[in-house]
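There are 2 protein chains.
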Amino acid sequence: MTPFPELQALVEQRIADFRNNQPVTSLTESIHYLMGIGGKRMRPVLTLMGCEALGGRPADALDAALAVEVFHNFTLMHDDIMDQAPLRRGQPTVHTRWNVNTAILSGDAMMIQAYQLLAGYPAGQLRTMLHLFNESAFGVCAGQQMDMDFEKRADVTVPEYIEMIRLKTAVLLGCALDLGACVAGASESQMIHLRQFGEHLGISFQLRDDYLDAFGDPEKFGKQVGGDILADKKTYLLIRALDKADAGQRDELHRMSGSTCSPDDKVTRTREIFRDLGADEEILAESGRYYTSALTHLDALGLPPAQIDPLRMLAAQLLERES
Amino acid sequence: MTPFPELQALVEQRIADFRNNQPVTSLTESIHYLMGIGGKRMRPVLTLMGCEALGGRPADALDAALAVEVFHNFTLMHDDIMDQAPLRRGQPTVHTRWNVNTAILSGDAMMIQAYQLLAGYPAGQLRTMLHLFNESAFGVCAGQQMDMDFEKRADVTVPEYIEMIRLKTAVLLGCALDLGACVAGASESQMIHLRQFGEHLGISFQLRDDYLDAFGDPEKFGKQVGGDILADKKTYLLIRALDKADAGQRDELHRMSGSTCSPDDKVTRTREIFRDLGADEEILAESGRYYTSALTHLDALGLPPAQIDPLRMLAAQLLERES
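Same order as they appear, the protein sequences are chains B and W. Residues in the first sequence are numbered from 1 upward in steps of one, following the numbering used here. Residues in the second sequence are numbered from 1 upward in steps of one, following the numbering used here.
Chain B on its own, in the form it takes in the complex:
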């Protein structure tokens, strides 16, 4: 199997070609910019891995991989407007560096470019790939809408939260893997299991990310620890804590929400309550259950261990990370 760094290099080269092959206009310069400021390229590498696991050549899945990465970056461009985010990967966001109109329109153009990349596949594969991509893309939008709706709601439940992160984050990982598998000629049943592997891994990953956001080691975690707490984000931790809290704890959590008390105090005290109520253990257990389920679906592919080992190793790395 092709080593992970080699797959990453293939993706980077394909992205460089994509950037070099389109003229720089006022419509595309912000696309060049956003596609050029890095990221882990996790999704496109998953497409290549999905292809290789099913016996295909990674190079044949490169355009599908790029379609997923372009689509992902389109969602970042538009989400950053909606979230009024000033920075992305440490660089100014497109709507900050240019303006909101440019970020809207160039984002639209990127979504079309993603479809252009898919449209090059043979007619026989194209229909399956397009259905999969459409369903996933619509799901990502629905997930972003749920996330925004949650900000105005006080009664978000755990199943709703899981469904939101499934749509917003996990669905595209499953789609990325399955597009590669489709290029390799996977069966319908294999595509279902591989997609479930990707989705459950994505949910597991996001729950662990929520845990690290509150309890991670500031030295190792890339973002500000406590960021979700300070932003009053309705994560699994807060939802479960509110479920289990007694009247006093619930009052305290509500009082701190949106309050102007010292940030350090708010993070420290909220973490204490999360721990007292066992929400920290619960989120890790839930993340673990999705991880186990992901691996079950990987085994259900019915492929020789050597072919799925890279995916198993990647899953383990994602879940053991501390940053």
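Among the clues, some could well be false.
[Stated by the list, open to error] Derived coverage of chain B by chain W (criterion: at least 3 residues anywhere in the stretch with Cβ under 8 Å from a Cβ of chain W; other residues may be distant):
1. 75-86
2. 159-168
3. 262-270
[Unchecked claim] A few chain B residues that don't get close to chain W, going by computed Cβ distances all over 10 Å:
4. Phe18
5. Gly38
6. Asp60
7. Asp63
8. Gly107
9. Ala119
10. Phe138
11. Asp149
12. Asp213
13. Asp228
14. Leu242
15. Ala247
16. Asp251
17. Leu253
18. Glu286
19. Ala316
Derived from the structure by calculation, the hints contain no laboratory data. Glycine is no exception: its CB is placed at the ideal position from the N, C-alpha and C atoms.
Given the coordinates of chain B, assemble chain W onto it according to the supplied hints.
Chain W only, in chain B's frame:
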């Protein structure tokens, strides 16, 4: 051939089904709203006419027709944000009635829905339809970008202006016709001629619209006559007038641009200058040339007159309209 009102009724019924078949969520309610506030449904009817002209059954092209209409409404939803437009078809725009984030995200979802509608076509047709649709959709974005860029430029030329309206308006008319023709099994050469018919008709139409915006009968023209002049829009009329103006006239046009002089005076005086310089005659002549070219491409389809008569009649109606 199916009468125009019957084709319109088919489209309206398909739109009603589309609206009824999707659950109303915070993501889709603004889509329901925008798709429900009417419009002439010109583009989807063109798809049905393109299909029937090439010997197909209009009903078979209904999903492609709806894809074009959903895509068109997506562009309206996003353009209205960019143009800060308060009203669309006399009703509040989506970003006004809801908010900018909803208009961005629901617009994104609509673009995906357009692709979902196309994805139902047989694999053999799908590839051609997808290529055509992608190219046209990207062109529409490029046209909107050019239009926005023109606001900041003083040196826009006539060819640039024509290219902008071709991309922003005309390309989607050609695409609409060709999607229908593709469903009917048109040859490559027929698709080229039909697309050119649509594009040249679209340019002719837009030039006539520019003329009516300045010189139309206020009783008959739907929009405020003189709107482009008051908004200092760089239309064909202004570009040609500035080309031909003497120093005094050029000064006067520049002085009135962005000025706070009485709106009535500005419209009246600008119209006088346009007339003195013959820009009014020129724009009608240019519109006429594109109309003639459109009809030439219609004839080049090599079809029996009875099959293309509905398109010829529609073209004549579009060009003779005064509103």
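Outcome of the hint check:
{"no.": "1", "hint": "75-86", "result": "holds (count 3)"}
{"no.": "2", "hint": "159-168", "result": "violated (count 0)"}
{"no.": "3", "hint": "262-270", "result": "violated (count 0)"}
{"no.": "4", "hint": "Phe18", "result": "holds (14 Å)"}
{"no.": "5", "hint": "Gly38", "result": "holds (24 Å)"}
{"no.": "6", "hint": "Asp60", "result": "holds (17 Å)"}
{"no.": "7", "hint": "Asp63", "result": "holds (13 Å)"}
{"no.": "8", "hint": "Gly107", "result": "violated (8 Å)"}
{"no.": "9", "hint": "Ala119", "result": "violated (5 Å)"}
{"no.": "10", "hint": "Phe138", "result": "violated (5 Å)"}
{"no.": "11", "hint": "Asp149", "result": "violated (5 Å)"}
{"no.": "12", "hint": "Asp213", "result": "holds (23 Å)"}
{"no.": "13", "hint": "Asp228", "result": "holds (20 Å)"}
{"no.": "14", "hint": "Leu242", "result": "holds (22 Å)"}
{"no.": "15", "hint": "Ala247", "result": "holds (32 Å)"}
{"no.": "16", "hint": "Asp251", "result": "holds (30 Å)"}
{"no.": "17", "hint": "Leu253", "result": "holds (26 Å)"}
{"no.": "18", "hint": "Glu286", "result": "holds (26 Å)"}
{"no.": "19", "hint": "Ala316", "result": "holds (33 Å)"}
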